[in-house]
Amino acid sequence: GESVGLHLPTLSVQEGDNSIINCAYSNSASDYFIWYKQESGKGPQFIIDIRSNMDKRQGQRVTVLLNKTVKHLSLQIAATQPGDSAVYFCAENGAGDYKLSFGAGTTVTVRA
Amino acid sequence: NAGVMQNPRHLVRRRGQEARLRCSPMKGHSHVYWYRQLPEEGLKFMVYLQKENIIDESGMPKERFSAEFPKEGPSILRIQQVVRGDSAAYFCASSEKGRETQYFGPGTRLLVL
Numbered sequence: 001g002e003s004v005g006l007h008l009p010t011l012s013v014q015e016g017d018n019s020i021i022n023c024a025y026s027n028s029a030s031d032y033f034i035w036y037k038q039e040s041g042k043g044p045q046f047i048i049d050i051r052s053n054m055d056k057r058q059g060q061r062v063t064v065l066l067n068k069t070v071k072h073l074s075l076q077i078a079a080t081q082p083g084d085s086a087v088y089f090c091a092e093n094g095a096g097d098y099k100l101s102f103g104a105g106t107t108v109t110v111r112a
Numbered sequence: 001n002a003g004v005m006q007n008p009r010h011l012v013r014r015r016g017q018e019a020r021l022r023c024s025p026m027k028g029h030s031h032v033y034w035y036r037q038l039p040e041e042g043l044k045f046m047v048y049l050q051k052e053n054i055i056d057e058s059g060m061p062k063e064r065f066s067a068e069f070p071k072e073g074p075s076i077l078r079i080q081q082v083v084r085g086d087s088a089a090y091f092c093a094s095s096e097k098g099r100e101t102q103y104f105g106p107g108t109r110l111l112v113l
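Going down the list, the sequences are from chains X and W.
For the first sequence, my numbering begins at 1 and goes up steadily by one.
For the second sequence, my numbering begins at 1 and goes up steadily by one.
Since the hints were made in silico from the structure, they are not lab data.
Cβ atoms here follow ideal geometry from the backbone N, Cα and C, with glycine treated the same way.
Please note that the accuracy of each hint is not assured.
If you want the footprint, here are the derived chain X segments under chain W, 3+ residues with CB under 8 Å [what the hints assert, rightly or not]:
(1) 37–45
(2) 100–108
As a list, the in silico DSSO-like pairs of lysine-lysine whose alpha-carbon atoms are at most 27 Å apart [unchecked claim]:
(3) W:K62 to W:K51
(4) W:K27 to W:K71
(5) W:K44 to W:K62
(6) W:K97 to W:K44
(7) X:K56 to W:K97
(8) X:K56 to X:K71
(9) X:K68 to W:K97
(10) W:K44 to X:K42
(11) X:K42 to W:K27
(12) W:K97 to W:K27
(13) X:K56 to W:K27
(14) W:K27 to W:K62
(15) X:K68 to W:K62
(16) W:K44 to X:K68
(17) W:K44 to X:K71
Work out the full structure, taking the sequences as your base and the hints as a guide.
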């Protein structure tokens, strides 16, 4: 079946280094992708989104890259900080669809 | 501008009781979505509503679960005759328009004893 998934369940990164979180999707009809950050006991927090007519989008300290050829999405966090420790989810909308399909999440732990 | 509000934040029910979860969308948002999250898992879509209409309930269990978004007041997710398997975090999200960015509330954590 079609799904959204993450390559690695956990990522440990040194404070100040850059983080890269990957996501694979299988629905070729997906045209909208979002990254969310979820801290323990809280709801998902919007980080950045990208539509399928773009390859790259930058925010504050974050960059999302979309490779439609291989159906791959990544989130890059520059100069990772302790407050970046959380579970990160990619989610996607299929064309004409309203619901988001979420991957299982990657747990990012920042080492001091 | 207040974000998405959900209450209660924590809810404990015994098997067979009813659970009512409330969601107030962000100001100006008329699209509401409910998701369920089991421990160590991602969120699973349940239902999408606009004011007074259920647009997509493809993720809702066929029995015991219902949702509404009345003209006035919050959206309600209702679970009748709860069972232990209903224990999860239930998140509501809202968007200004369909297929726009969905912003999530803090969730309601339901525990069924």
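Structure-based check of each hint:
Counting residues of the segment 37–45 of chain X whose CB lies closer than 8 Å to any CB of chain W gives 4, so the stated coverage by that chain holds, three being the minimum. Remark: the segment 100–108 of chain X is confirmed as covered by chain W, as 6 of its residues place a Cβ nearer than 8 Å to a Cβ of that chain, reaching the required three. For the suggested pair W:K62 and W:K51, the alpha carbons sit about 22 Å apart, so the restraint of at most 27 Å is met. The straight-line distance between the Cα atoms of W:K27 and W:K71 is roughly 14 Å, inside the 27 Å bound, and the hint therefore holds.
At most 27 Å may separate the alpha-carbon atoms for a hinted pair to count; W:K44 and W:K62 meet this at roughly 15 Å. With a C-alpha separation of about 20 Å, the suggested pairing of W:K97 with W:K44 holds against the 27 Å cut-off. Proposed proximity of X:K56 and W:K97 is supported: the alpha carbons are some 24 Å apart, at most 27 Å. A threshold of 27 Å between alpha carbons decides the hint, and for X:K56 with X:K71 the separation of about 14 Å falls inside it, so the pair holds.
With a C-alpha separation of about 25 Å, the suggested pairing of X:K68 with W:K97 holds against the 27 Å cut-off. Between W:K44 and X:K42 the CA atoms are separated by roughly 16 Å; this keeps the pair inside 27 Å, and the hint holds. Taken as a hint, the X:K42 and W:K27 pair is honoured in the structure, with Cα atoms around 20 Å apart against an allowance of 27 Å. Among the hinted pairs, W:K97 with W:K27 is consistent with the structure: their alpha-carbon atoms are about 12 Å apart, no more than 27 Å.
Our distance criterion of 27 Å between C-alpha atoms is broken by X:K56 and W:K27, whose separation comes to about 30 Å. A threshold of 27 Å between alpha carbons decides the hint, and for W:K27 with W:K62 the separation of about 31 Å lies outside it, so the pair is violated. Proximity of X:K68 to W:K62 is assessed by CA-CA distance (about 35 Å); at most 27 Å being required, the pair is judged violated. With a CA separation close to 24 Å, the supplied pair W:K44 and X:K68 stays within the 27 Å bound.
Among the hinted pairs, W:K44 with X:K71 is consistent with the structure: their alpha-carbon atoms are about 21 Å apart, no more than 27 Å.
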